[in-house]
Every structure is written in structure tokens, then in C-alpha cells.
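K.L.:
Mapping the sequence shown onto the UniProt record's numbering, position 58 (from 1) lands on 58, and the numbers just tick up by one.
For the record, the hints were derived by calculation from the structure and aren't laboratory data.
Careful, some of the hints might be misleading.
[Stated by the list, open to error] Heads up, simulated DSS-like pairs for lysine-lysine below, C-alpha to C-alpha not over 25 Å straight-line:
(1) Lys358 - Lys299
(2) Lys25 - Lys93
(3) Lys209 - Lys299
Please read all numbers here as calculations on a predicted model, not as lab measurements.
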Amino acid sequence: MAAEVLAREGLAVDLFDAMPSVGRKFLLAGRGGLNLTHSEPADRFLARYAERSEALRDAIAAFGADAVRQWAEGLGIATFVGTSGRVFPQDMKAAPLLRAWLHRLRAAGVRVHVRHRWTGWDAGTGELVFDTPNGPVRHAADATVLALGGASWPRLGSDGAWVPLLGARDVDIAPLQASNCGFDVAPTRPGANGWSDHLRQRFAGQPVKPVAARMPGQAPQESVQGEFVLTDTGIEGSLVYAFSARLRDAIAAHGQATWLIDLLPQHTADHVLAETRRPRGARSLSTHLKSRLGIEGLKMALLHELLSPQQLHDPEALASALKSLPLTLARCRPVEEAISTAGGVRLEALDANGMLRKVPGVFCAGEMLDWEAPTGGYLLTACFATGVVAGQGAARWLRQR
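Put together the whole structure using the sequences plus the hints.
P.N.:
Spelled out as C-alpha cells, the structure:
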């Protein structure tokens, strides 16, 4: 995106990528349907960036959801709004958009260099240094835009290897952490390691739906509805990702985090309590809950996993658990498994042009910056927007010089 902005200014642009082809993580993002952006109102959209909302306000205002859709359609890629408000290409694929984008960049004169892994600056000349299959290569640039990603999916190039390179130039960097990630559960029984063998063997890989979730201290009406997946060691999925930053921070602060799951979001608490109090006669608890509330399979297994026999057979305790089942989480999954990362170059280390205050002429964009957001199109939109800021800033800086 920065290259496109700079090429439009009539500048000579070289685009370097460590991988054998460009945009590999972009293609991965489109594996399940490329979620480009989100159609919700601008104020709610901006709020998804939490404590970084204000710092990103101008960038998102200049290149937000509408601009992303217009940009894609300018490449011949029609978009549509899904039922959840997420915006996708009409064919749900990333490859056609990437091909059209690269064609336009090359037509604008952008020179693309693959298998060039940036390793820093030449100590004598200040030139950029790259490792290539043919040995080290140096490149003199009047301005440089770094868009090196975080540390998730390192096999696609974003491995965080840039952190010590910028750290050595005294750039302020927040530690890279997993974001939009899965979590391991705390042992559910004394002496156990995470889920019981029964639950893991029978249900790992299955979705839990429909459910809603919230954090302790949030009112039930503040819960978020969706689904998540049971893994061998814990949980993952879109509903988990919506809480990943808060869960991660709670674990860092307290050693563990509690997540409250509403297994029956379609029923009121009063209705659920009335049904658990209803006499069941000779019927088993499982049969009663299945016939009266539709609880069966994995949801029933979770109740047996997380509740004591006394709680299961106490109507009040069971009703409370059905509407607010506490799940204790012990740790994030490793950062290389995460969809994205938090941390990176602190936004305060940049000037208004997106340039590093400590390294004049070097601009930063994308996931390597210290912001995070849930899945839903917010990640790509902020990457696009900060790329635009960096491109415009680099062009402005060059003109001033």
C-alpha cells in the first residue's frame, strides 16, 4: 500500500520481500474468505482498536472501510457485506485481488525483489542490506518504509527478526505478544493436565455453538454471541479472539483468567432456572436437559467436565452454570500460532508522518506497529491505513528535502 502511494507520486519504488513471492500472509488471510474490512458505523469500528483508537483515528478516517471497498473495486474486485457486517470480495478469494494489485504496481513502475531478507543497515554507508540466494545485496534508498509484520506465522515471513535491528537504533518497541489466539485451560481436575482424556478424545476439534461469552465484571447484556472450538489443550475460534487481549492481560496480571460462557443465549435466566427446577421423575439429567433445554453432546460434556456432581444436581447451581459457566484459562497459545500479534514499534516512536523519530528517513507501517484488534476486517484495514500514512509521509519528507 505504501509502494502504491509512493509510485502515484512519481517516485522510483523498489519493493523487497523475504519470501519467494509477495503477499503470502495476505493469501493466508483469504484462506477462509478474505475479510477485508467491516461495515459497522465508524465510531464502533474505531473502538475495536481499544486503547490505540485515538492514535489510529486519523489513519482510519483517511483510509477506512469505505476507502478499502473503493480501492478493491478499483482493482476490479467487487465486494459484498456478509450477514455479520464483514466485507468480503465477491468470490471470497485473495489471489485475484493480489494479482490485480501487483499488476497495477508493476505497471506504475514498482520494481519487485523477492527472496530478499532485510538484515539491517551497512555500518559504513548506511545502505540497506539484504540476504539473498546469491549472497548479501546492498541498496541505497532516499527513504525506507518498513512493513515487517509481527511474529505470528513466521513461516510466511513475519518472524519478529527486525526487533533487535530497530532496538539497536534505540527505537521504543513493546514486546511482541500473541493476539487473536487460542488458550490452554487450567487443569479441570486435581492432577490433570488441561481437559480430561474423555473430553479431549471425544470432542477436540468440535465447535461449541450457539453460545455467548463475557468477562467477570461485565453484565450479561454486554456478552458477545458466537462460537468457539474445543482444542486438545483448550479453546480457540472467533469468539475467543474477541476476548483474547483481555484474557491475555488478565493471565499476565493474575496468572490465570476466567471466561464466562452462556450455553443458552437464546433463553432467559428465569426460563433456564424454571426448567432445571422442573421435576424430572425417572429421567436422567442428560435426558431432562436435552428435552427441556436442548443441552446435549459437547455442551453436556462441558458441564460434566467443569461442574461437581453436587452442582450438577442442584437446580440453582446448574441454572447459574448454564447461563454463566466459568472456564479458567492458564496461558495463551504460542505467538507463532496466533493470527496476529500485539506489541511492536510504539506509535509514540513515530512522528505525524509515520517516520521513526530516532531514524530519520525510515517509516513503519502495518502489524509491526504497537496496536491490535479482533478479527473481522479490522486487522487488514489498519494495515492498509498505516501503509497509506507511511507512503504519504515518506513522499512528503522527500519533497521537503
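K.L.:
What are the numbers of the hints the structure violates, in ascending order?
P.N.:
1
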